[in-house]
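A.B. asks: If you're matching them up, the sequences are chains A and B in order.
FYI, in the working numbering the residues of the first sequence are 1 to 290.
FYI, in the working numbering the residues of the second sequence are 1 to 290.
Quick caveat, the hints were computed from the structure, so don't treat them as lab data.
Check each hint, because a few of them may be wrong.
When chains are identical, the list treats them as one kind, so a pair holds in a single copy or across two.
[Stated by the list, open to error] Straight-line distance between alpha carbons at most 27 Å, and here's what the computed DSS-like set of lysine-lysine pairs gives:
no., residue 1, residue 2
1, K256, K63
2, K222, K156
3, K23, K156
4, K2, K222
There are 2 protein chains.
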Amino acid sequence: MKLIDGKQIAATILEEITEEVAKLGDQKPAVTFVRVGEDPASVSYVRNKERAAAKTGIISDLKVFPESISQQELIQEIQALNNNPNVHGILVQAPLPNHIDEGTIFRTVLPEKDVDGFHTVNIGKLCQEDASGSVACTPAGVIELLKRSDITTEGKHVVVLGRSLIVGKPVSLLFLHKGAFGNATVTVCHSRTQNIASIVKQADIVVAAIGRAHFVTVDMLKPGAVVIDVGINRIEDSSRKSGYRLVGDVDFEAAKDIVSAITPVPGGVGPMTVAMLMKNTLRAFQATRG
Amino acid sequence: MKLIDGKQIAATILEEITEEVAKLGDQKPAVTFVRVGEDPASVSYVRNKERAAAKTGIISDLKVFPESISQQELIQEIQALNNNPNVHGILVQAPLPNHIDEGTIFRTVLPEKDVDGFHTVNIGKLCQEDASGSVACTPAGVIELLKRSDITTEGKHVVVLGRSLIVGKPVSLLFLHKGAFGNATVTVCHSRTQNIASIVKQADIVVAAIGRAHFVTVDMLKPGAVVIDVGINRIEDSSRKSGYRLVGDVDFEAAKDIVSAITPVPGGVGPMTVAMLMKNTLRAFQATRG
Chain A
1 MKLIDGKQIA ATILEEITEE VAKLGDQKPA VTFVRVGEDP ASVSYVRNKE RAAAKTGIIS
61 DLKVFPESIS QQELIQEIQA LNNNPNVHGI LVQAPLPNHI DEGTIFRTVL PEKDVDGFHT
121 VNIGKLCQED ASGSVACTPA GVIELLKRSD ITTEGKHVVV LGRSLIVGKP VSLLFLHKGA
181 FGNATVTVCH SRTQNIASIV KQADIVVAAI GRAHFVTVDM LKPGAVVIDV GINRIEDSSR
241 KSGYRLVGDV DFEAAKDIVS AITPVPGGVG PMTVAMLMKN TLRAFQATRG
Chain B
1 MKLIDGKQIA ATILEEITEE VAKLGDQKPA VTFVRVGEDP ASVSYVRNKE RAAAKTGIIS
61 DLKVFPESIS QQELIQEIQA LNNNPNVHGI LVQAPLPNHI DEGTIFRTVL PEKDVDGFHT
121 VNIGKLCQED ASGSVACTPA GVIELLKRSD ITTEGKHVVV LGRSLIVGKP VSLLFLHKGA
181 FGNATVTVCH SRTQNIASIV KQADIVVAAI GRAHFVTVDM LKPGAVVIDV GINRIEDSSR
241 KSGYRLVGDV DFEAAKDIVS AITPVPGGVG PMTVAMLMKN TLRAFQATRG
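Looking at chain A on its own, in the form it has when it is part of the complex (with noise of 0.2 Å):
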């Protein structure tokens, strides 16, 4: 069994921008987050984005509003953003305030600064396999695990649990890409699917983006897939001071004894999340130089 080591590979992909960004001249990349309000876990995202931008040489500056902060002038902090020709990269981090829809505010970040790929023009791209547009960051790190770990997905039967618009279909549309790490037969399964188990055991490469703590027991897979866990969960441990620890979607401590491939969780999709954005933000940049 290969464990596929998502912090290793995000360390490796940071490294390389490093030395793409230390080529660069005296501008550097730059990226605005947008935190709004002190949610816990958003802190911790934001915080750890703004570390893997500062080990690379990206220039990062931290935006903080408050929860209170209308949904237009959210949008009117963004557009200053948008016409800021210093700021290459925009990213607001979700979840927002229930006043405030997150779909209008994402679609207010321009196409070409949405470091996210959450933009509906880049989503749009996406489809279309237009590689002008930028790739949302868990689905573009999910493949790049894939390639950096030389598991090619061409005629596999790859299954997505999940069609969330940031991970299951973004990730589902980028398999059915043309070349060695796309071309595969994509089943998407979600919560209304019927008989789940006898499609994942089909499976030569699971996704699990369902976002339930241990969904996919080891019964369920076959013999030599390969896993790739999106899901975070908390689970309580009374072992642990905080009382609780993170989990994936996947049984991993079974499963790891029948798959081919696993990443773990923490420590697989995670960091390459951050690193994609990173990766993003310096695509963002060369494409302001022509």
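Fit chain B to the supplied structure of chain A, relying on the hints for placement.
C.D. replies: Frame of chain A; chain B shown alone:
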């Protein structure tokens, strides 16, 4: 076995549109068809669309340009239509000559006037389940056939054959939407798929859009399956004056005895594509009214 009569269903939809158009004031929806060159299939497709428009009271205009038109000139012609407030819908008939990039032309049409649903923004909206966009006509027609035949898709396994941008991918995304005519488990197969027969055999609903005559044979189908045949293929037929006849991607004659419902070719999906185009034109017009 239920024959899903696309011709009849399309006629009903056109009647509904006729009633709606009649209720409008003096200004009627107007669509402009753009054809480049004299490809006989394109001539015939556009003529069908003109007839449907005439039937419903939608104003149509046909602009024909010579095969020698440059991409830049064609772009300018489309921009003039974009800027014309009396044109609500624009349809550029594919295929275009080789020296013109179809993607570029489709993206030149304003998303609001893109009644074909091929613009990047409209594809992105389809993916994001944003109902404000135009849905590509053939995929929309497939869903509408099921709706009007009371065949729900929730929880069913839909196998789509083909991953094209104009049918396979958008129809797959529609089946993943939330709702009784979405919420399906979707598998997308294509030329690189292995064991395609065993995958199709699992399908409750098969959508064949692979462009190969009689590719789906009866042994590939699960008894009781629903079959939507998008293919339109010419095969030799010496008994016809023309020397050929049109058949679908499915071996209809053999399949009809074991399926629960099936579309014929011709007379299935084809007429629906035209009907949905008229629906998109009416919607584009209504959107300008606010």
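A.B. asks: Each hint needs a verdict: does it hold in this structure or not?
C.D. replies: Results for each hint:
no.: 1; hint: K256 x K63; in the structure: neither (41 Å within a copy, 62 Å between copies)
no.: 2; hint: K222 x K156; in the structure: both (13 Å within a copy, 22 Å between copies)
no.: 3; hint: K23 x K156; in the structure: neither (39 Å within a copy, 53 Å between copies)
no.: 4; hint: K2 x K222; in the structure: within (16 Å within a copy, 38 Å between copies)
Checked against the numbered hints above, the structure violates hints 1, 3; every other hint is satisfied.
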